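Enquirer: All chains should be modelled from the sequences, with the hints used to inform the complete structure.
For the protein sequence lines, the chains are A and B, in the order given.
Just add 324 to wherever you are in the first sequence, counting from 1, and you've got the numbering used here.
Just add 469 to wherever you are in the second sequence, counting from 1, and you've got the numbering used here.
Worth flagging that the hints you see were computed from the coordinates, not collected in a lab.
Do not take every clue at face value.
[Stated by the list, open to error] Under the rule of at most 20 Å between Cα atoms (straight-line distance), these lysine to any residue pairs were calculated in the SDA-like manner: (1) A:Lys679 / A:Pro393; (2) B:Lys578 / A:Glu674; (3) B:Lys665 / B:Lys699; (4) B:Lys690 / B:Met661; (5) A:Lys329 / B:Ala590; (6) B:Lys471 / A:Ile331; (7) B:Lys471 / A:Val332; (8) B:Lys683 / B:Gly652; (9) B:Lys472 / A:Ser326; (10) A:Lys555 / A:Gln476; (11) A:Lys587 / B:Gly616; (12) B:Lys578 / A:Phe574; (13) B:Lys699 / A:Val332.
Only a predicted model underlies this, so the values are computations on that prediction, with no experimental measurement involved.
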Amino acid sequence: MSYIKNIVVIAVALLFAVMASVDFIAMHKAEPIADNPNVTEIKMLSEYCPALKGTALDTEIYVFDSGKPGGAMLILGGTHPNETASPVAAIAMAENLRCTQGRLFIIPWTNKSGFTHTSPLDGMQDFFDIELADGSKRTFRVGNRLTNPVDQWPDYTYFMGSSGRELMGTEIAEIRNVDRLYYGNPNGVLTERVCAGIFNLINEEGINLTMDMHEGSPEFLYLDCTMVNMKADNQKAMSIAQSMALDMQFDDLDMRAEYSGVKSYGLSHRSLGDNTASMMTLMETYNPSMGPLHGKMDDDLIINGNEPNYYQAHLDGYIYFDVPKDGYPLVERVARHVTCVTYLARAFSEAYPDKVIAFEGLGSYSDMVGSGLGKILKPVD
Amino acid sequence: MKKLALLILAVALIFTFASCSKGSSSSAAPSASASASAPAADSAATTPSTGTVDSEYDPNKTVDFVQQTSEDKRVVTIGTIDKSLYKQPVFVTSFGQSTDAAMLDTVMKRIGVDYVYNATATAEAMKGYKTVIIAVGASTKGLGAAGISEADETARAKAIMEYINSNEIEVICCHIGGSARRGTLSDLYSDMVMEKASLIVLKEDANFDYKFTKYAEEHKKPISLIYATKDALTVFTEIFQ
Numbered sequence: 325m326s327y328i329k330n331i332v333v334i335a336v337a338l339l340f341a342v343m344a345s346v347d348f349i350a351m352h353k354a355e356p357i358a359d360n361p362n363v364t365e366i367k368m369l370s371e372y373c374p375a376l377k378g379t380a381l382d383t384e385i386y387v388f389d390s391g392k393p394g395g396a397m398l399i400l401g402g403t404h405p406n407e408t409a410s411p412v413a414a415i416a417m418a419e420n421l422r423c424t425q426g427r428l429f430i431i432p433w434t435n436k437s438g439f440t441h442t443s444p445l446d447g448m449q450d451f452f453d454i455e456l457a458d459g460s461k462r463t464f465r466v467g468n469r470l471t472n473p474v475d476q477w478p479d480y481t482y483f484m485g486s487s488g489r490e491l492m493g494t495e496i497a498e499i500r501n502v503d504r505l506y507y508g509n510p511n512g513v514l515t516e517r518v519c520a521g522i523f524n525l526i527n528e529e530g531i532n533l534t535m536d537m538h539e540g541s542p543e544f545l546y547l548d549c550t551m552v553n554m555k556a557d558n559q560k561a562m563s564i565a566q567s568m569a570l571d572m573q574f575d576d577l578d579m580r581a582e583y584s585g586v587k588s589y590g591l592s593h594r595s596l597g598d599n600t601a602s603m604m605t606l607m608e609t610y611n612p613s614m615g616p617l618h619g620k621m622d623d624d625l626i627i628n629g630n631e632p633n634y635y636q637a638h639l640d641g642y643i644y645f646d647v648p649k650d651g652y653p654l655v656e657r658v659a660r661h662v663t664c665v666t667y668l669a670r671a672f673s674e675a676y677p678d679k680v681i682a683f684e685g686l687g688s689y690s691d692m693v694g695s696g697l698g699k700i701l702k703p704v705d
Numbered sequence: 470m471k472k473l474a475l476l477i478l479a480v481a482l483i484f485t486f487a488s489c490s491k492g493s494s495s496s497a498a499p500s501a502s503a504s505a506s507a508p509a510a511d512s513a514a515t516t517p518s519t520g521t522v523d524s525e526y527d528p529n530k531t532v533d534f535v536q537q538t539s540e541d542k543r544v545v546t547i548g549t550i551d552k553s554l555y556k557q558p559v560f561v562t563s564f565g566q567s568t569d570a571a572m573l574d575t576v577m578k579r580i581g582v583d584y585v586y587n588a589t590a591t592a593e594a595m596k597g598y599k600t601v602i603i604a605v606g607a608s609t610k611g612l613g614a615a616g617i618s619e620a621d622e623t624a625r626a627k628a629i630m631e632y633i634n635s636n637e638i639e640v641i642c643c644h645i646g647g648s649a650r651r652g653t654l655s656d657l658y659s660d661m662v663m664e665k666a667s668l669i670v671l672k673e674d675a676n677f678d679y680k681f682t683k684y685a686e687e688h689k690k691p692i693s694l695i696y697a698t699k700d701a702l703t704v705f706t707e708i709f710q
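Expert: The following block contains the structure:
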């Protein structure tokens with residue numbers, strides 16, 4: 325008789341295990357991106373790094389070619405999948421933009437493997453839903469900032485990246501962080517191959533300007549900030565970034581530009597900036613769901629970005645960032661990324677009239693916030 | 470007893486799986502989750518947030534500080550600016566290699582001023598210019614990006630001030646980086662430039678100890694206080710247009 329109870333308990337446990345597994349397996353399915361007739365081609369990153377072909381880290385590149393001579397811009401979304409505004413902004417741009425001069429390359433899932441797992445011990449959930457204007461629903465994955473260990477394992481005990489960045493001890497898990505391994509190695513660990521693919525893409529396509537979109541937890545010191553790699557002989561880069569920052573300030577959006585850290589080896593803005601001809605930038609917005617002080621994790625926190633713990637911490641003088649009382653909704657963070665990209669491209673084009681990069685389709689910051697993500701994102705089957 | 474232990478283990482297993490599924494985590498374990506994009510272990514990330522060399526800014530010191538500018542009153546000028554002093558062409562440079570000089574580059578471009586911008590210019594480059602605008606504020610990252618040591622930057626600044634002193638050049642001291650650009654080295658550059666400047670433009674939160682307004686009052690120099698960096702555009706538009 326006793327063994328029947330044991331079997332029942334194990335069966336119940338297995339039932340829950342199967343239910344949880346269904347959730348995890350669902351994370352391996354990429355969210356669809358609505359068709360945009362202005363996309364001229366969808367490439368794969370493995371075209372620039374063949375060693376990625378057939379792996380979980382090969383990822384789509386949405387190409388917009390205006391057919392008019394000009395510059396080329398690369399936009400990286402989802403370098404860290406849990407920085408939600410980044411992939412959502414990239415998807416919103418892939419679905420809505422039209423390139424009117426030059427070329428635009430958008431990667432929505434830069435670390436595609438990172439989208440296939442989450443951080444349950446950080447209280448992070450795996451999916452969130454956005455209701456569209458037509459009443460349909462789109463589901464997005466939250467993901468993890470690192471490559472799924474199922475795809476890249478084990479983490480070494482010591483690692484020296486191509487840029488000279490050493491990883492060891494508690495930092496060794498960063499061997500699965502795309503934004504620590506630039507400028508990559510086509511024969512290295514899988515995550516490094518992504519970096520090598522992006523490095524080759526920049527060189528082969530003649531990318532002039534790159535934006536790597538990120539978010540940070542409220543404790544992070546570089547929020548509403550764009551990092552800029554300024555090569556010693558090119559002070560134009562910072563002036564372009566400051567022009568963007570000034571434009572954003574006139575839209576009443578806090579924004580500042582900072583120099584890329586001299587020793588930020590392996591980060592996109594430092595190591596791709598040092599080793600390619602592209603002007604490299606990286607922007608961060610505030611995401612309260614990423615910080616350890618967050619309370620209940622649910623769609624409301626991810627979409628409305630309202631975390632009273634952080635507001636109180638700010639009032640008490642513990643958080644440098646000016647935490648908004650009523651939250652920092654995802655639509656505002658997405659609109660901020662798109663606006664930053666737009667103003668950066670405009671400032672770059674003014675500085676280099678022979679390399680104009682121009683696009684349209686999402687309107688101004690206030691247009692986007694007014695529309696809401698429900699109208700910005702398109703229905704999908 | 471054995472059965473009880475088995476039951477507890479099974480329940481624990483169920484909760485483990487359940488906690489991994491969607492939206493279940495109301496416990497929100499406050500683990501040591503680093504900012505995902507933060508270069509948490511990056512050596513460069515250990516520099517102060519603003520890139521300031523030696524910030525001595527203490528928010529607690531600002532308790533008694535009363536700002537004259539506000540969202541509604543964005544520019545406050547104390548004293549009278551003699552606009553006729555500032556002839557073009559203008560030279561824009563930096564003392565301290567902060568990002569503020571690049572912001573001035575943008576501001577000048579937008580106003581349509583006849584100007585040249587070179588953040589690392591030598592004294593000789595000032596030859597022929599009637600007005601020099603100097604963005605004061607030291608930045609570790611900026612100095613690093615420009616490949617200049619603090620000593621070399623200070624020597625360059627001194628040489629430029631000597632050249633300006635021995636020539637008929639008007640100087641505008643521009644401190645638009647706010648409280649982040651306060652500290653020993655930043656203040657050294659501010660002091661050097663304010664001594665010769667006929668106008669001080671200041672983002673007012675940097676005046677938390679009244680250093681700049683006191684200096685302007687004692688030396689009878691006009692000072693334009695601005696609420697935000699973008700308000701520099703208003704001040705310079707007034708001067709050059």
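Enquirer: Give a verdict on every hint.
Expert: Against the structure, the hints come out as follows:
1. Between lysine 679 of chain A and proline 393 of chain A the alpha-carbon distance is near 8 Å, which keeps this suggested pair within the 20 Å criterion.
2. For the proposed pair lysine 578 of chain B and glutamate 674 of chain A, the alpha carbon gap of about 11 Å is at most 20 Å, so the pair holds.
3. Straight-line distance between C-alpha atoms of lysine 665 of chain B and lysine 699 of chain B comes to about 25 Å, which puts the hinted pair past the 20 Å bound.
4. Distance restraint check for lysine 690 of chain B and methionine 661 of chain B: the Cα-Cα separation of roughly 15 Å lies within the 20 Å cut-off, and the hinted pair is therefore satisfied.
5. Simply put, lysine 329 of chain A and alanine 590 of chain B have alpha-carbon atoms about 83 Å apart, too far for the 20 Å limit, and the pair is violated.
6. Straight-line distance between C-alpha atoms of lysine 471 of chain B and isoleucine 331 of chain A comes to about 14 Å, which keeps the hinted pair within the 20 Å bound.
7. Between lysine 471 of chain B and valine 332 of chain A the alpha-carbon distance is near 16 Å, which keeps this suggested pair within the 20 Å criterion.
8. A C-alpha spacing of about 17 Å is found between lysine 683 of chain B and glycine 652 of chain B, which places the hinted pair at or below 20 Å, so the restraint holds.
9. Our distance criterion of 20 Å between C-alpha atoms is met by lysine 472 of chain B and serine 326 of chain A, whose separation comes to about 8 Å.
10. Taking the CA atoms of lysine 555 of chain A and glutamine 476 of chain A, the gap is near 34 Å; set against the 20 Å cutoff, the hint is violated.
11. At roughly 13 Å between alpha-carbon atoms, lysine 587 of chain A and glycine 616 of chain B fall within 20 Å of each other, so this suggested pair holds.
12. The hinted pair formed by lysine 578 of chain B and phenylalanine 574 of chain A meets the criterion: a straight-line CA distance of about 16 Å does not exceed 20 Å.
13. As the CA atoms of lysine 699 of chain B and valine 332 of chain A are separated by approximately 68 Å, the hinted pair breaks the 20 Å bound.
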